[in-house]
Amino acid sequence: MFWLLLLLLAWAGAGVACARLCLAAVRAAAVDADAGHAHDLTLYEAAFLSGGPDRVADLTLVAMARQGRLLLAHTGWATVVDPCGRDEMERSVIGAVGPAGQSRTAPVRAAAAAADAVRALADRLVDAGLAVPDGARTTVAAGVRRVRAAAVAAVALGVVALLTPVTPDVPRTHVALWFALPLALTLGCLAIARIEAHPYSRWASPAGMRLLGALTPPAAGEDDDGVCLTSFAVHGVHAVGEPGLRAALTYRRD
Numbered sequence: 001m002f003w004l005l006l007l008l009l010a011w012a013g014a015g016v017a018c019a020r021l022c023l024a025a026v027r028a029a030a031v032d033a034d035a036g037h038a039h040d041l042t043l044y045e046a047a048f049l050s051g052g053p054d055r056v057a058d059l060t061l062v063a064m065a066r067q068g069r070l071l072l073a074h075t076g077w078a079t080v081v082d083p084c085g086r087d088e089m090e091r092s093v094i095g096a097v098g099p100a101g102q103s104r105t106a107p108v109r110a111a112a113a114a115a116d117a118v119r120a121l122a123d124r125l126v127d128a129g130l131a132v133p134d135g136a137r138t139t140v141a142a143g144v145r146r147v148r149a150a151a152v153a154a155v156a157l158g159v160v161a162l163l164t165p166v167t168p169d170v171p172r173t174h175v176a177l178w179f180a181l182p183l184a185l186t187l188g189c190l191a192i193a194r195i196e197a198h199p200y201s202r203w204a205s206p207a208g209m210r211l212l213g214a215l216t217p218p219a220a221g222e223d224d225d226g227v228c229l230t231s232f233a234v235h236g237v238h239a240v241g242e243p244g245l246r247a248a249l250t251y252r253r254d
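Going left to right, the sequence shown walks through residues 1 to 254 as the numbering used here numbers them.
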């Protein structure tokens with residue numbers, strides 16, 4: 001019975017995915033609930049907890065561009081105006097641009113995201129219980145993606161099983177019901193994760209997510225240039241209101 005083999009594959013995928021999600025949720029729940037209770041997030045910390053090293057690099061670029069110390073062209077070039085960085089992050093960006101003072105934006109972003117300053121920031125957040133350690137970074141968010149994939153696989157395998165010939169003594173409705181069981185397992189697991197662990201984060205621990213949720217957005221109209229650094233740290237390029245700056249950050253070379 002070929003459909004039984006497909007059913008075993010559906011159960012295996014659903015079982016493994018749900019087990020991994022449960023383990024990830026247990027690890028996330030093991031973080032000290034009082035972690036970061038008296039911690040005020042900096043913009044760099046908020047950026048890391050929201051989007052990881054890439055968001056920190058982007059935030060540094062945007063902050064320097066907003067202050068007129070770095071030019072970000074919509075054609076994908078970064079030009080240093082002020083070579084004196086005000087902190088380790090900015091010095092990492094300036095160093096990534098190089099002695100010529102001008103470089104493609106993409107490699108600058110990549111080098112800044114991998115800089116020692118960002119790794120030190122990550123270590124501090126992990127030590128404070130606000131960020132997920134490297135070894136556990138594929139946690140609830142990745143677990144949810146696996147369970148979703150397992151749900152789709154269960155549906156696909158069920159359709160294939162229904163399209164293949166089966167013995168007359170096995171009604172197709174029974175086959176469909178058997179495949180509905182792993183699908184129900186995955187959907188139930190997703191529902192529980194939605195209730196217990198949403199929003200999912202690849203970088204922030206539950207304590208870090210609480211601090212991110214407590215960040216106070218600036219008042220409307222506070223930034224004339226349409227770029228709010230707090231909003232950018234949390235939401236990324238979608239928070240950029242200036243078309244030219246957004247184009248510079250999203251430029252992809254052909």
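Hints listed in this document are in silico derivations from the structure and should not be mistaken for laboratory results.
Be aware that a few hints might be false.
Across the chosen pairs, the derived CB separations fall in these ranges [stated by the list, open to error]:
hint	residue 1	residue 2	range
1	142	181	52 to 62 Å
2	127	1	21 to 31 Å
3	250	19	35 to 45 Å
4	191	99	48 to 58 Å
5	12	68	16 to 26 Å
Don't be surprised by glycine CBs; every beta carbon is placed ideally from N, CA and C.
Right, here's what the structure says about each hint:
A beta carbon spacing of about 24 Å between residue 142 and residue 181 contradicts the range 52 to 62 Å that was offered as a hint. Evaluation of the 21 to 31 Å hint for residue 127 and residue 1 yields a failure: the beta carbon distance comes to about 55 Å. Taking the beta carbon of each, residue 250 and residue 19 are about 38 Å apart, inside 35 to 45 Å as hinted. Range check, residue 191 to residue 99: Cβ separation about 55 Å, and the 48 to 58 Å hint holds.
The beta-carbon spacing between residue 12 and residue 68, approximately 57 Å, falls outside the hinted interval of 16 to 26 Å.
Going down the numbered hints, you'll see the structure goes against 1, 2 and 5, while the others check out.
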